[in-house]
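Spelled out from the first residue to the last, the chains are:
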Amino acid sequence: MTSLADQWTNQLAGRREDGSGEPAWLGDVRRSGAEAFKRYGLPHRKVEDWKYTSLKLLEARSHALFEDAGAERPSSEVQWPEVLLSEDCAVVRMLNGSPQPGFDADGPIDIVPLAQALAGEDRSPWLREVLQSLAIDHPARAFSALNTSMLGEGLVIDVPADSDGGTLMLQWSFDDKPPAMLFNARVVIRLAKGASLTLVEHFESLAAHSHGLNLVSQIQVGEGARLNHLRLQQEADGAALILRTECQVLKDGYYASHAFDWGGGLVRHDTRPSLLQPGAEAEVNGAFVLDGSRHLDHHVFVDHAAGPSRSSQFFRGVLGGHSRGVFNGKARIQQGADGSTVRQSNANLLLSAMAEIDTKPELEIYADEVEASHGATVGQLDEDAVFYMRTRGLSDEQARAMLTSAFCKAVLERITDLPVSLGKEIADRMEKALGTLVEATLPPRPDAESRRGAAPTSTK
Amino acid sequence: MSRLQIKNLHATVDGKPILKGVNLEIESGKVHALMGPNGSGKSTLAYVVAGREGYEVTDGSVEFDGKDLLGLAPEERAHAGVFMAFQYPVEIPGVNNTYFLRAALNAQRKSRGEPELDSMQFLKLVREKLEVLHIEDDLLHRAVNEGFSGGEKKRNEIFQMAVLEPRLAILDETDSGLDIDALKLVADGVNRLRGDDRSMLIITHYQRLLDHIVPDAVHVLADGKIVASGDASLARKLEDQGYTWLEEGGIQPVKERAEEAAAG
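In order, the protein sequence lines correspond to chains F and R.
For the first sequence, the working numbering gives the first residue as 1, with consecutive numbering after it.
For the second sequence, the working numbering gives the first residue as 461, with consecutive numbering after it.
Some clues are possibly wrong.
[Claimed, not checked] Part of the chain R face toward chain F, derived, beta carbon under 10 Å:
(1) Tyr507
(2) Ala567
(3) Leu624
Keep in mind the hints are simulated off the structure, nothing from the lab.
Backbone N, C-alpha and C fix where the C-beta goes; we use that ideal spot for every residue, glycine too.
Pulled out of the complex, with its shape left as it was, chain F reads as follows (with noise of 0.2 Å):
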């Protein structure tokens, strides 16, 4: 039996390179991703990076790498999910990884679909720089080299100098049509000196599917510029989703990514920030609310290659049924970067037996000053709450509902800036999440009888 990835090699050998319209270097590019995924081949357990994490569920269905951006899917038939923010926002659709025509290109900001800037020759010095600049040489990156041998699909997103952005929205969804299939997209976003803006990513398909996405964006956040980045993901059961975003943070530049994740079947997000000048700063942040058999991973990797530079990384986990997550998040603070700070956080609470997560704060320091802190908790509902919560009158349900709502909102109430109906919007749909969770992992209730302590003593 062929494997997937000897699957996909052979796939991405057999592909005709059109090249028409094309400048010549993005072959070549194409080519060095084909050339990685062939040495390495997917991602497995003894890779350090993916130790937790099987890709089991896209081998089972053996996902068709997706060619033909476009091409004979039923696009006019999706039906897509109400858009988050009700307020006046900037609506990008993206449908199975690529943009749809149509949208609002209006505003300060410039929005291109990828294809069509690989095309265009003045933007070419600068993508190609970009675009050649992802690592992929390496086994734990073969997703990105994947990825990039299937360059073609995506987005560029530029905000120009001292410009406020706004808001803009991305919608992720996928139509549900068999066989299952593999779609590669790349985000390119760049904010130029002193721009700010906040990006809301929405992941969710109304029909159950079982496709997957490999996503990869690389950002820019230029000197003083401000990059608020959101993303809530609550895709079908069987989606895959394998999300690498890197990140270049300049002088006093500040990056923030806030992940809300509960939905998914596997779930993979390596998030990593460089803070490449003094005064940049990032913070990533993360709430999941997982149950059945869903299994996310938080790979977050924090660079503090110059200093004073500042990040904290904030994740707060609740798991219940047969559940897995992953949280590993690294700092690592170059030597010279002086002046530096670091925390991370990562505490999670465990619904059920069967659920697991497995918790992993790394801190690696060259500097001589810097200030850093780790911390990383495990636990369950604080029973004595839940029985103090009753005694006033809410049901065992609400108590528990009402305690881990607040113990994921934590994340919630760190973004700062955050549209106030998008903020709530986040934190209904976090709860319904969690509703649904928490009472899927009840404690059963002792009956009358029992609560009574009146079982019978002899059964002689």
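Once you have looked at the hints, place chain R on chain F.
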């Protein structure tokens, strides 16, 4: 007419007998005090009435208004009008005090078929209660008991009681850890909440709370049984002579009870 009736109550914790036949009756509108040495079972009694897990009732009954409390879940007891002020109120990080209390009150109202209060109506009610109790409203904006001082926690318990308007309130060592000013404030609050349709059981280790809340009756619990009952003067006698006075067998009230029981 509400009435708490505890009959021959036996309870164990981790298989160890703690309550060994408690009999206690509180008429509507009456305030009873329950005193006793450490480890006598005072808090266990409170927890058994409130419905905490891990406390196994092996014999006897607890009825309120003729309703069997022991068969009910803790929240159902609350809906029936039972309230317990905790000796150590639990901190609930991230849950706003006002939000929590409104959810609790509405859960109780819903169980009684009454309409739920919206946030405006609730706030109005809360303001009234705060005024009566002379409690600062900064309590409202904080997470439930989180970072509260000992006095603030106890005041918050009394405040919750005022809002929830129970018909039976059990105050478990509400005076513990309070300085004299805080004690007066809390006692004041309790006195304001005394009413014809509200019974109270005040559990305390010391007489001093009973200087401020004068009880209709005082009971002494020792080794899982009520060994003496009397009026407010019994509390003062205990204060003067200590619990050893009971152990040394003076125990006049107990003899009386024994004679009554024999005669009955």
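How the hints compare with the structure:
For R/Tyr507, the suggested interface contact is upheld, since its CB lies about 9 Å from the closest CB of chain F, less than 10 Å. Against a cut-off of 10 Å between C-beta atoms, the interface hint on R/Ala567 holds, since the closest Cβ of chain F lies about 4 Å away. At a threshold of 10 Å, the smallest CB-CB gap from R/Leu624 to chain F is about 7 Å, leaving the interface hint in force.
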